[in-house]
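Student: From first to last, the protein sequence lines stand for chains A and B. So for the first sequence, my numbering puts the first residue at 78; every next one is plus one. So for the second sequence, my numbering puts the first residue at 2; every next one is plus one.
Just so you know, not all the hints are guaranteed correct.
[Unchecked claim] Cross-link-like lysine-lysine pairs, in silico, DSBU-like; alpha carbons within 30 Å at most:
hint: 1; chain 1: A; residue 1: K275; chain 2: A; residue 2: K183
hint: 2; chain 1: B; residue 1: K162; chain 2: A; residue 2: K94
hint: 3; chain 1: A; residue 1: K183; chain 2: B; residue 2: K162
hint: 4; chain 1: A; residue 1: K311; chain 2: B; residue 2: K216
hint: 5; chain 1: B; residue 1: K97; chain 2: B; residue 2: K162
Calculated directly from the structure, the hints in this document are not laboratory data.
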Amino acid sequence: MDIVVCFKQVVEETEIKVDREGGRLIFEGVPTKISDDDKNAIEEAVRIKQKHGGTVTGLTLGSVESRKQVREALAMGCDRAYLILDSEARGQDTYRTAKILAEAIKKIGKVDLILCGSASTDNLAGQVGPMLGEILGLPQLTYVKKIEVDGGKIKCERSLDEETEVCEASCPALVTVTREINEPKVPTLMQVMAAGKKPLVEWMVKDVLADSPKTVDVVKMEIPRITRKRIIFKEKPTEAVQKLAEAIKKEGVI
Amino acid sequence: MSESKVILAYSDEPNLALEAISAAHTIASKTSAKVGAVALKPSQDWVKELAAYGANMIYAVEDSMPDVKSIDVQLDALMAVAEQVKAGVVLIGGSKRGRELAPRLAARFGSACAADCISFEVDGSGRILPTRMVYGGASNIVLAAKAEPLICSIRPKTFEKLQRDESRQADIVPIKAKISDPKVKIVNVVGAEKGAVNLRSSAIIVTAGRGVKKKEDLAIVEELAKTLGGVLGGTRPLVEDLKWLPKERQVGLSGETVKPNLYVAVGVSGQIHHIVGMKDSRVIVAINTDDKAPIFQVCDYGLVGDLYQVVPELTKVLKALLNKP
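This is chain B alone, in the form it adopts within the complex (with noise of 0.2 Å):
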C-alpha cells in the first residue's frame, strides 16, 4: 500500500464501527496514512462519536436509500467510496452481516480478502499483514495482498475501541454513490427469541462439554452456573451435532466469542475451535477426568475428577461460601 492511502473503517453495527476505526489506527500508526470513517445517512450524533472515537476523515454517503439494513445497499455506498478516496485498506465489523459484505467488496475489486482478521502487521517494505486464525485457532496465519485494495472484516471484540475524546476534530467528506435497488429483500427481522441468553454479555458463564452423558445431566452443571450466578454455556458437539442447547449457547469458534469474569469449563476436553472462544477469560477454571485434557494447559485452577461426583460437590461448597440457600 502507498503509504499516504486511506484507510477505511465501517460497519452498521455502532459498536463494530468504533473497533474497526481502532483496527485501523493500528495500521495507521505504523504508517503515514489517515483513518475514514465510512457512514450512511449518519446522524449529527454518530459523526460527533465517529470523530471522538478517532475518525481523521468522515465520508458520509446522503444518497436516498430504499433500506439501510440491506447489505446490498450497504456493498454499494461502501464501494463508492472505497473507489472515489482510493481506499488502500478497508476495514469492516465482522458482524454476520460484515462477513457478506467485506468478501462481497473484495469480489467487486478482484481483490484481496482476509476474514475475521485478529492483529495487523505492517513488514519492511509498507505491506499490511492481516493475521487471521485457521484449522479452528489452532493456527494463526499472516497474509500479503497481492491486490489492492485489501479488504478485511474485523473479530469482534478483539481490537478494543480507543478512549473517547471529544476534542478529536474529522474532516467530515460528503460521497455521492449510485445506490441501486437491492436483490434481496428484507422482509421482517426478529429479535432473539425471549428468554434466549447473551452469553457475551454474561460476566459469568459455566459451559458443559461431552464429559456430560445425557442432556437431562445437563442440570447438574446448570446448577452450578445457578449458584455462581452465572449462565450455561455448551460446546460445539452439544450444539451443534446433540442439538441440547440452542446456538446462542455455544462457545467457541463457531459460537460466541466470550470474555467474562469467571469461565467453568465443566467435561470439556478443550479442543482449539472452543480454547479460542474462551481463551480471554479472566479466570478460568476446569473439571475434567482426563488429566491430559488440552483444556488443563489453557487453565488457571483445573480440577481432575469425575464431573458427576465433583459438581454436585462444588455447588454444595460454593452455596456455603456465598451464603447461598
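Pulled out of the complex, with its shape left as it was, chain A reads as follows (with noise of 0.2 Å):
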C-alpha cells in the first residue's frame, strides 16, 4: 500500500501569549511542531506500512523552517517526503493549500491511501483533508479513530459527535484522523540519524500549479474581550472555602 501523508508545520498553540491591552498575539520565541494530529496520521501510515508493505511519502506545504519537521516525519518513518515551499503557507485559503497539495500528490505518482490530521491546532479548520479528497474524486472518511486495512479496501471508525460511525470505502481514498487512533512514537537516534540521507524533494509552488487560486482575504485579527466580576479569594483556606461555598450558593445555581 502506497501512502500519502499530509502534515503542516504549526506553532505550539499553548505558548503564544496574548497580549490584551495591545490587542494582539506574541508569537516572539514560540516554537514550532508538526501539528498534533498530523502526527497521528504519520504514525499510522507507518504502522500501515509495517503491516502491509509499500511505502510511505510525507508531504508538506511550507517554508525554509518547516524543513525541521520534515525530517522529523522522516525519523518517524516516512521513506520519502515532499517539501513545497511556499510564501503564503499556513494562511487561510485552504482551498488553495488543497488544490497545490492535490497537484503535488498528481505529480508524486501512484497512490492508495492519503491520510491527513482532521484538523490542524493553529487553525482547527479541518478543511484541508475534505477539499483534497473532493479535489481528487476519492472516497473520504473524516475524524477518524480507527482503521483496517483489508487487500484494496479500508475499514475505518469515525469519531463523530456524539457516536461512531463505521464506514468502508475502496482505495485510493483519503482519511483525516484524529489523536485517538493511536499514541506516535517518539524517533530513536538512529532513526533521526537514517532520517538525514533518506530522500527530501523541495518544489516551488509553481512547480505544481501554476496558477494558484485565491479564495479567501483577511479583513483582521481581533483579540476577543471577556468581561468577568473576578473576585478572588485570598484568605486562609478554611475562610476562603467558606466565602467561596456561600458565594456559589448565593449566585442561585446549586
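Now that you have both chains on their own, put them together as the hints suggest.
Tutor: Below you can see the structure in the form of C-alpha cells.
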C-alpha cells in the first residue's frame, strides 16, 4: 500500500501569549512543531506500512523553516518527503492549500491511501483534508479513530459528535485521523540519523501549479474580550472556602 | 454578494439546522437576501418547523437517496440546490458531518470556505465577512470571500434559534438533484457508550486540569462534582495526552463547548483553548495554586490555594450548606 501523508508545521499554540492591552498575539520565542493530529497521521501511515508493506511519502506545504518538521517526519518513518515551498503557507486559504497538495500528489504518482490530520492545531478548520479528497474525487472518511486495511479496502471507525460510525470504502481513499487513533512514538537516535539520508524533494508552488487560486482574504484579527466579576478569595484556606461556598450558593445555581 | 442572492441554511441535525437559519438571518437582516432552508426528503412536520423558525423558502430535495445519512448523498443534494438557486452564501451546521460537508461543497465550487463561524458582518460594499477563531481561540479572524458562493460551517450553540412562530410562512420549492451512489458505505452507527456523560446537557460541570497530579486523585474533584449534583470534565492534557478521561469529557475548542449554570475549574491554568469551551457558562469558579494563572482573568469567583487541601474542604462545606449526607 503506497501512502501519502500530509502534515503541517504549526506554532505551539499553548505557548502563544496574549497581549490584551495591545490587542495582539505574541509569537516571539514560540516553538514550532508538526500539528498534533498530523503526527498521528504519520504514525498511522508507518504502522500500516509495517503491517501491509508499501511506502510512506510525507508531503507538506511550508517554508524553509519547515525542513525541521520534514526531517522529523522522516525520522518517524516516512521513506521520503516532499516540501513545497510557499510564501503564503499556513494562511486561511484552505482551498488554495488543498489544490496545491492535490496537484503535488498527482505529480508524486501512484497512491492508494492519503492520510491527513483531522484539523491543524493553529487553525482548527479541518478543511484541507476534505477539500483534498473532493478535488481528487476520492472516497473520504473524516475524524477516524481506527483504520483496518483489507486488501484494496479500508474499514474505519469515525469519531463523530456523539456516536461512532463504522464505514467502508475502496482504495484509493483519503482518511483524516484524530488523536485517538494511536500514540506517536518518539523517534530513536538511529532513526533521526537515518532520516538525514532519506530523499527529500523541495518544490516551489509553481512547480506543481502554475496559477494557484485565491478564495479568501483576511480582513482583520481581533482579540476577543471577556468580562467577568473576578472576585478572588486569598484568605486562609478554611475562610476562603467558606466564602466561596457562600458565594456559589448566593448565585442560585446549586 | 449581490444583495438579492439567497442564503442557504442546512444541517442533518434538526437543532443545528434551526441555528443555521438563525445565523442566516443575522446576514439577511443587513442585506435584502432571503433565507432558504435545504431539506432532504422532509416530513410535513419538519417543513412546518423550518418555516416556524424563520426559513423564507424551503428547498426540498425529493429524489431517491440511497442513504440520507451519507455525506456523499448530502453533498450531491446541497450542490444541486446551491447551483440551481445561485446561492450567495451556504451555512452548514458545524457537527462533525457538517465540518466535512462544508469544505467539500466549497471544493466543488472552487470557492471560499470558513469553518466554525461565530458571527457575520456585512461591510459597506455588501461583502459578507465571517468571523472564526484561530490559535485555540486566542484570536478571532475576520475573513472575506474572493470566490462565490461563500460556504461556512456554523459553530454549534453560538446562534440561538429564533423564537418559534407558527404564523411565519415559507415558499416550498422542490429541487431536482442527481444523487450518485455514495463512495463510502456506512456499515454501522454505534451510539454513545452506556454510562457516557453528555457534558453539553449538564447544568453543573466541575473540570479537572493539570493541577491534579495522579489519575486516582480525580476522585477528589469528582466528589466535589457529585456534591454539587454535577459531572466531571477534563482539560485537553488530561484527556488527549494523559488519557485519564474519555473524549466526551473534554472541555475546550477541540472538545465540548459547554454553557452550564455553574462551571468549576479545578487546577486548570486557563489555556485559551480551554476558555473558549466554557466562557459562556453562567457562573465560573476557579481554584488554582498560582494566583497569576490566566483562569483567574475569566472567572467570577476564584480561590487561590492547593486543590488537595481546599477541594475536600469545599466539598465538606457545601455538603453542610446543601444539607447533604
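Student: All hints, please: hold or fail.
Tutor: Cross-check of the supplied hints:
1. A:K275 with A:K183: holds (21 Å)
2. B:K162 with A:K94: violated (35 Å)
3. A:K183 with B:K162: violated (44 Å)
4. A:K311 with B:K216: Judged against 30 Å, a Cα distance of about 27 Å means the pair holds.
5. B:K97 with B:K162: Roughly 20 Å separates the two Cα atoms, so the pair holds.
Violation of the numbered hints given earlier is confined to hints 2, 3; the remaining hints are satisfied by the structure.
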